[in-house]
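> Sequence:
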Amino acid sequence: METSWGPADLDVAHCSTALALLHGVLAGMRFADRYVAAGGTVDEDDAAHLHWRLLDALGHAPDAEKVAVPWRWLGRSDLTPEVLTRRLEEYLAALFDRYG
58 METSWGPADL DVAHCSTALA LLHGVLAGMR FADRYVAAGG TVDEDDAAHL
108 HWRLLDALGH APDAEKVAVP WRWLGRSDLT PEVLTRRLEE YLAALFDRYG
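With the numbering used here, the residue at position 89 of the sequence shown is 146, and numbering never jumps.
Worth flagging that the hints you see were computed from the coordinates, not collected in a lab. Keep in mind that this is a model prediction, so the values were computed, not measured. Just to be clear, a hint being listed does not mean it is correct.
Computed beta-carbon distance windows for the label pairs [as the list claims (entries may be wrong)]:
| # | residue 1 | residue 2 | range |
| --- | --- | --- | --- |
| 1 | 83 | 128 | 10 to 20 Å |
| 2 | 134 | 64 | 29 to 39 Å |
| 3 | 155 | 98 | 15 to 25 Å |
| 4 | 134 | 105 | 34 to 44 Å |
| 5 | 127 | 103 | 28 to 38 Å |
Glycine included, each C-beta is placed from N, C-alpha and C at the ideal position.
Model the full assembly from the supplied sequences, consistent with the hints where possible.
Structural data, given as structure tokens:
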């Protein structure tokens, strides 16, 4: 998913997904809240928020491996395909729990 131009919600969603993959679901779920607390704005409608977050997260499905290769080059050897798949699935479930 390209996020260089478009709504801030999509950029926030992209950062959230990356954090969930890199550091776990909690990190991904907290990002939007911290962004807003720091003065950023996102759509307040839960359905709209879910839309943007799912749009980005599903862009990594069914295999988040494509984004992990450079991360492993930078030393994140813990980001195995199994870990990434589990984190992506858990992140999607957390999105539905909170916004769905």
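> If a hint holds in the structure, say so; if it does not, say that too.
Cross-check of the supplied hints:
no.: 1; hint: 83 <-> 128: 10 to 20 Å; result: 18 Å, holds
no.: 2; hint: 134 <-> 64: 29 to 39 Å; result: 35 Å, holds
no.: 3; hint: 155 <-> 98: 15 to 25 Å; result: 19 Å, holds
no.: 4; hint: 134 <-> 105: 34 to 44 Å; result: 37 Å, holds
no.: 5; hint: 127 <-> 103: 28 to 38 Å; result: 33 Å, holds
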